[in-house]
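Protein sequences, first through last, are from chains A, B, C and D.
Each residue of the first sequence is one higher than the one before, starting from 944 at the first, in my numbering.
Each residue of the second sequence is one higher than the one before, starting from 944 at the first, in my numbering.
Each residue of the third sequence is one higher than the one before, starting from 272 at the first, in my numbering.
Each residue of the fourth sequence is one higher than the one before, starting from 272 at the first, in my numbering.
Hints are computed from structural coordinates only; laboratory data are not their basis.
Ideal Cβ placement from N, Cα and C applies to all residues, glycine included.
Please note: incorrect hints may appear among the correct ones.
[As the list claims (entries may be wrong)] Below, in silico cross-link-like pairs of lysine-lysine (PhoX-like), each with a Cα-Cα straight-line distance of 25 Å or less:
1) A:Lys1354 with D:Lys335
2) B:Lys1029 with B:Lys1093
3) C:Lys410 with A:Lys1195
4) B:Lys1354 with C:Lys289
[Said to hold, decoys possible] If the Cβ cut is set under 10 Å, some of the chain D residues that face chain A in the computed set are:
5) Thr275
6) Leu276
7) Arg277
8) Val283
9) Lys289
10) Phe294
11) Lys296
12) Asp313
13) Thr316
14) Gly336
15) Cys337
16) Ser340
17) Val352
18) Met363
19) Gly364
20) Arg398
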Amino acid sequence: MTAQSPVTAAFDPLAARADFEILAKPVYGKPLVYLDNGASAQKPRQVLDAMRDFASTDYANVHRGVHYLSGRATDAYEAARRTVQKFLGAAHEDEIVFTKGGTEAINLVAYGYLAPRIQPGDEIVLTVMEHHSNIVPWHFLRERAGAVLKWVDVRDDGSLDVEALEAAIGPKTKLVALTHISNVLGTVTPLKEIVARAHAKGVPVLADGCQGAVHEIVDVKALDVDFYAITGHKLYGPTGIGVLYGKRALLKQMRPFNGGGEMIREVTRDVVTYADPPARFEAGTPPIVESVGLAAALDYMNSFDRAAIRAHEHDLLAYAREGVRQFNWLRVIGDAPGKASILSFEADGMHAHDLATILDREGVAVRAGHHCAQPLMERFGVVSTTRASFALYNTRAEVDVLLEALARARKILG
Amino acid sequence: MTAQSPVTAAFDPLAARADFEILAKPVYGKPLVYLDNGASAQKPRQVLDAMRDFASTDYANVHRGVHYLSGRATDAYEAARRTVQKFLGAAHEDEIVFTKGGTEAINLVAYGYLAPRIQPGDEIVLTVMEHHSNIVPWHFLRERAGAVLKWVDVRDDGSLDVEALEAAIGPKTKLVALTHISNVLGTVTPLKEIVARAHAKGVPVLADGCQGAVHEIVDVKALDVDFYAITGHKLYGPTGIGVLYGKRALLKQMRPFNGGGEMIREVTRDVVTYADPPARFEAGTPPIVESVGLAAALDYMNSFDRAAIRAHEHDLLAYAREGVRQFNWLRVIGDAPGKASILSFEADGMHAHDLATILDREGVAVRAGHHCAQPLMERFGVVSTTRASFALYNTRAEVDVLLEALARARKILG
Amino acid sequence: MDDTLRELYQEVILDHSKHPRHFGKLDDATNTAQGHNPLCGDRVTMYLKVDADDRIQDIAFEGKGCAISQASASLMTDMIVGRTVAEAEKLMGGFLHLVKGEDASGLDPDDRERLDVMAGVSAFPMRVKCATLAWHTMKSALEGGAAAEAV
Amino acid sequence: MDDTLRELYQEVILDHSKHPRHFGKLDDATNTAQGHNPLCGDRVTMYLKVDADDRIQDIAFEGKGCAISQASASLMTDMIVGRTVAEAEKLMGGFLHLVKGEDASGLDPDDRERLDVMAGVSAFPMRVKCATLAWHTMKSALEGGAAAEAV
Ligand SMILES: Cc1ncc(COP(=O)(O)O)c(C=O)c1O
Ligand SMILES: Cc1ncc(COP(=O)(O)O)c(C=O)c1O
Chain A
944 MTAQSPVTAA FDPLAARADF EILAKPVYGK PLVYLDNGAS AQKPRQVLDA
994 MRDFASTDYA NVHRGVHYLS GRATDAYEAA RRTVQKFLGA AHEDEIVFTK
1044 GGTEAINLVA YGYLAPRIQP GDEIVLTVME HHSNIVPWHF LRERAGAVLK
1094 WVDVRDDGSL DVEALEAAIG PKTKLVALTH ISNVLGTVTP LKEIVARAHA
1144 KGVPVLADGC QGAVHEIVDV KALDVDFYAI TGHKLYGPTG IGVLYGKRAL
1194 LKQMRPFNGG GEMIREVTRD VVTYADPPAR FEAGTPPIVE SVGLAAALDY
1244 MNSFDRAAIR AHEHDLLAYA REGVRQFNWL RVIGDAPGKA SILSFEADGM
1294 HAHDLATILD REGVAVRAGH HCAQPLMERF GVVSTTRASF ALYNTRAEVD
1344 VLLEALARAR KILG
Chain B
944 MTAQSPVTAA FDPLAARADF EILAKPVYGK PLVYLDNGAS AQKPRQVLDA
994 MRDFASTDYA NVHRGVHYLS GRATDAYEAA RRTVQKFLGA AHEDEIVFTK
1044 GGTEAINLVA YGYLAPRIQP GDEIVLTVME HHSNIVPWHF LRERAGAVLK
1094 WVDVRDDGSL DVEALEAAIG PKTKLVALTH ISNVLGTVTP LKEIVARAHA
1144 KGVPVLADGC QGAVHEIVDV KALDVDFYAI TGHKLYGPTG IGVLYGKRAL
1194 LKQMRPFNGG GEMIREVTRD VVTYADPPAR FEAGTPPIVE SVGLAAALDY
1244 MNSFDRAAIR AHEHDLLAYA REGVRQFNWL RVIGDAPGKA SILSFEADGM
1294 HAHDLATILD REGVAVRAGH HCAQPLMERF GVVSTTRASF ALYNTRAEVD
1344 VLLEALARAR KILG
Chain C
272 MDDTLRELYQ EVILDHSKHP RHFGKLDDAT NTAQGHNPLC GDRVTMYLKV
322 DADDRIQDIA FEGKGCAISQ ASASLMTDMI VGRTVAEAEK LMGGFLHLVK
372 GEDASGLDPD DRERLDVMAG VSAFPMRVKC ATLAWHTMKS ALEGGAAAEA
422 V
Chain D
272 MDDTLRELYQ EVILDHSKHP RHFGKLDDAT NTAQGHNPLC GDRVTMYLKV
322 DADDRIQDIA FEGKGCAISQ ASASLMTDMI VGRTVAEAEK LMGGFLHLVK
372 GEDASGLDPD DRERLDVMAG VSAFPMRVKC ATLAWHTMKS ALEGGAAAEA
422 V
């Protein structure tokens, strides 16, 4: 392999890079090689401009005003909802609930859907590779309502055993909560098949799509998934916003989560009645400017051939995976077939934090730690890993810098 | 009175106006007169620039990375916390919890503090002038846990009867939840005195400061209030962020609300332990860029003499209050002494929505409706009101435009 | 004065809103429904008397609201009485097109002319809900009377 | 190579981290505590044997961690054994100043010299918690053994 990307790739990461000002700014006098995209992606100027322009042209609070700016802001906010709807392939715009992030989207399902339905002993099926955001809300239901968590293991290569998952679904299972893509292993779960099997047993499925929506082309209708959670800041969009997709029929049955303005139909001293979804779940002033930024981010992604982005990311992963084979002191964790562009590894005698510190001084930003996935760390018998995660703007040349920096770290620490 | 502000005012609204690009943009070919500040304030370029600069220079996810950008972002986020701490006069920075808005800040108290402490029949004291955001979370506790809501009335001028409030606090009262400033009446409640009386009966007080922090100079230590909720977008800051101030000792006793990354100490398959405040309540990726924007907004406010801003706002209110006396068909709702710069009114034979539509075409943005305060509407026997609310950038000349537009509306509809 | 405003608040509209036709209750109503505009808190109650031939024999409404919603309700009741349910629903379809600024050519020319006073609403997207509330409530009454909400 | 990195990962540090002194358990410990760095999940357990005169007779630690935290623990145990509790706490105060890049002139010159290998940490604010974990845990053990967290 060479540092040149194959000519077949229709996607040009260098052209895209120009949209990300921050990538051109050196750290410690060295070019920034930003490989911490799994934690958060950088934002293109199209997103930052859209937000600033909106805030300085059309801003007001939404929904309840009859004046010009309020109308403009409401239109922008609702247009953003439709942009998300199309991005996820949802049937209806009222299936799109804006939240403050991916974590809150999952908590909304826990509080609004599951909590009123849980009896002591009822089960929630989840996998050992879940992010804490898709674990702790269920632990709450264990602590507070006696729910039982049923953990499904992954194979040594990080792939999910669908049979094992199906076997874990029993008569007391109330929900399957699993990730679409593991933020540590890169594993892509066969969501459509899992949903079909869970539905055959009458159990709904919540997919944590915080990584999934970044790397896969999602169609919630085709997946038939019941809930799908995404987060703006990993999708090249702003912080402070996420989305819960929920099937209309399920959202309608859910009780509200936060109480406040906008989510009510009527409030008196004695009684309160609630608005229909999605308003029922959007209490208070929503992330208005952020909705505009999120729509701009999705538009940005769609301005490319998304399959070509995907191919580019897979190329980077393959190139990096091949590159680290030269290091016999390095063990990759997660090698599932078809996995997304996330590379976690452990290094003999080198702690992830030391490694990350040395890489950092070479300009290479990676993540070191448990990645909010402690049960998975335990599964693989590690305390932490080092993780390089690739976005559309990364290049093979950057992978080369990573590899060189790894070799240098070995020299320093080895 | 004349359209000139008194020369004694140290604050120059025209100079400040220049910081707000949107105010210079005409609507329907007329100068924008933005008097919907109670719903949301416009943002100065200092805020928009700070956010954009941060996003294109120092952005990464916070807290868990060891790389350069992660350190920069974490520092900025924690510096924002200290800026808020100083703004509110809090004793400790860990008493500042970032939320997605004012509504969520109040819900955090309902879910994290009060829910585990409520027995059927326990009482929550609140006033009839609360915003739905400080009503519905307590209705949830009524619906779900049998709490009883005790409503304290206001006088005909909109002022709060402190004796009546004290009398409503009984042995079963678990919380007093009241606004610092009414978003409809402009009434400023005597918070310090109320807190003292509630504490004398052993009851903690939550103040809804979403309007209070905008118009008053707040010192939570001096007020001795237990919880104080604020929202970014009304403070000339971004959407998608708010703050709960909570006394350290109380926050420590609270259980978590949202579950996810960052708020845990350790997660295993069977057990989860939680981080200390404020992290315990900040599950998931927080509103990082928004924290920078909020800090910039507070810095912006503090770049002026805040007492002078307050005097300017009071001058606008007095000028407008005087101005509407000429309209014998108009009834002001809320005339409490010392009230903040919010003017609500009802007009004979003219529905608030019709009025607001006509004002809008004159470039005047006001709010029409129930202002998320239906119990208060009921108290005053109206379905809706028209509300003009003044910010630091408004001028007497704008009040004149409002008055002319009102006269014109009367001609059209009267 | 702004032309679109003059168009919105025409004499006819203001007259309808100040002196609404068919305002009140119907004691022998066969169909009723409540409508609610959560934006402003306005509500309307619609009473209809439908005979065995599905003809709307009588109609009345109660409630408070802005000039647009009151005028729309008044005009609607005036126009609908005596029509069959199917005709009323067809009229409603045309009306919705009209106030949203869409193609309303499906309307009978006479109806189109009478409804024309409401066409100005299309320039005020934030007020469309006010204009349609009575109509949605009427439809909801015909369908069995669940609470209607302005949409 | 970056000078600050060379400063951080000096031979002495790497040697301490690879061959930590006083690594293991103390069966007759009078004081123990667990420390935890939530950032990376690292943990350390500290065992101390304090005699009637408040002198630290023996000390040992167990746990996994990065080079910085291991070296810091190793160096600390080496330096602290034989001191009184008060002396250990004074040393800790100076150490904290040193790794935060603050004025550490309160340290005894000999101690200052031995601790100097850790001074490089001050250029890496995100790693200060790694360096201080063992010290906080030691303090927590002396205070009665509640779990310590890197701060
Ligand atoms: C798989 C996965 N789920 C959930 C989350 C939580 O998203 P957020 O922190 O934006 O709420 C993340 C990212 O942190 C993630 O990678
Ligand atoms: C008094 C008061 N409380 C609470 C809120 C809710 O704030 P937010 O909508 O930002 O959550 C508002 C504003 O809408 C308010 O005016």
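Now for the hints, and whether the structure bears them out:
| no. | hint | in the structure |
| --- | --- | --- |
| 1 | A:Lys1354 with D:Lys335 | holds (21 Å) |
| 2 | B:Lys1029 with B:Lys1093 | violated (34 Å) |
| 3 | C:Lys410 with A:Lys1195 | holds (22 Å) |
| 4 | B:Lys1354 with C:Lys289 | holds (15 Å) |
| 5 | Thr275 | holds (7 Å) |
| 6 | Leu276 | holds (5 Å) |
| 7 | Arg277 | holds (8 Å) |
| 8 | Val283 | violated (14 Å) |
| 9 | Lys289 | holds (8 Å) |
| 10 | Phe294 | violated (15 Å) |
| 11 | Lys296 | violated (19 Å) |
| 12 | Asp313 | holds (6 Å) |
| 13 | Thr316 | violated (14 Å) |
| 14 | Gly336 | holds (7 Å) |
| 15 | Cys337 | holds (4 Å) |
| 16 | Ser340 | holds (8 Å) |
| 17 | Val352 | violated (25 Å) |
| 18 | Met363 | violated (22 Å) |
| 19 | Gly364 | violated (25 Å) |
| 20 | Arg398 | holds (6 Å) |
In this structure, the hints that do not hold are numbers 2, 8, 10, 11, 13, 17, 18 and 19, in rising order.
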